[in-house]
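A.B. asks: Going by this note's numbering, the letters in the sequence shown line up with residues 1 to 170, in that order.
To be clear, the hints were calculated from the coordinates, so they are not data collected in a lab.
Where a beta carbon is used, it is the ideal one built from N, C-alpha and C, also for glycine.
Among the hints, a few may not be true.
As the list claims (entries may be wrong) - 16 Å max Cα-Cα, derived EDC-like pairs, lysine to aspartate or glutamate:
hint: 1; residue 1: K95; residue 2: D78
hint: 2; residue 1: K70; residue 2: E89
hint: 3; residue 1: K87; residue 2: D72
hint: 4; residue 1: K95; residue 2: D112
hint: 5; residue 1: K100; residue 2: D134
hint: 6; residue 1: K21; residue 2: D66
hint: 7; residue 1: K98; residue 2: D138
hint: 8; residue 1: K100; residue 2: D138
hint: 9; residue 1: K98; residue 2: D134
hint: 10; residue 1: K98; residue 2: D117
hint: 11; residue 1: K95; residue 2: D138
hint: 12; residue 1: K70; residue 2: D125
hint: 13; residue 1: K98; residue 2: D112
hint: 14; residue 1: K70; residue 2: D90
hint: 15; residue 1: K21; residue 2: D72
hint: 16; residue 1: K100; residue 2: D125
hint: 17; residue 1: K21; residue 2: D125
hint: 18; residue 1: K95; residue 2: D66
hint: 19; residue 1: K95; residue 2: D117
hint: 20; residue 1: K87; residue 2: D66
hint: 21; residue 1: K95; residue 2: E142
What the hints assert, rightly or not - Derived Cβ-Cβ restraints for the label pairs, each shown as a range:
hint: 22; residue 1: G131; residue 2: D66; range: 21 to 27 Å
hint: 23; residue 1: G57; residue 2: D90; range: 15 to 21 Å
hint: 24; residue 1: G53; residue 2: D78; range: 22 to 28 Å
hint: 25; residue 1: G114; residue 2: T56; range: 43 to 49 Å
hint: 26; residue 1: G48; residue 2: E10; range: 50 to 56 Å
hint: 27; residue 1: D78; residue 2: G131; range: 18 to 24 Å
hint: 28; residue 1: W44; residue 2: L97; range: 53 to 59 Å
hint: 29; residue 1: K100; residue 2: A36; range: 45 to 51 Å
hint: 30; residue 1: R15; residue 2: D112; range: 22 to 28 Å
hint: 31; residue 1: G103; residue 2: S41; range: 41 to 47 Å
hint: 32; residue 1: D90; residue 2: F17; range: 38 to 44 Å
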Amino acid sequence: MDEPAAETVEIDHFRIFFWQKFAPLFALPVFALILAFSPISSGWGVTGWRIAGIVTGVLVAVYLLDGWRKSDVQLNDDGMRLWIGGKREDWPYEKLLKVKQIGHYRVRMCYDVGLADQHMHVSVDLFNSNGFVDALLDRYAESQGHWLPEMPSHEDEQSDGDSDSDTTAA
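Start from the sequences, fold in the hints, and give me the full structure.
C.D. replies: Okay, structure coming up:
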């Protein structure tokens, strides 16, 4: 008796720019300079400075690896998965209200949060924003049975710093 083949879930992966994660690292030379002239390190020999450099290098590598790991945006059969504010969020396609590509890299999505007259914006800067928008709209159409309807833009009525939740991922 033949068993039915297990259905495989196709997952599309897109990568967020994580260049923002580099900004805090620009302060490291300042702290190193302060440490160099501090009485704490006055008795350090070459070995002490090497150990401090290795520890700093390992911490920077772990920090950047974590940023790279959290920069993955996945589109699967159930919806979109990405990291927002330090935790992984799953957004089903039926909650998607609007998608707008802003410039070459930025994509802004509007999601229904389940509260009356409330929604959330999620903005991501992606290496392949065109491919992401196409895949997102295709997966929306496949899962919902229709294309994402056009909605009037509420952004023209409000400033960019509006009162709605506006979140930038990773």
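A.B. asks: Which hints, by number, does the structure contradict?
C.D. replies: 18, 23, 24 and 32
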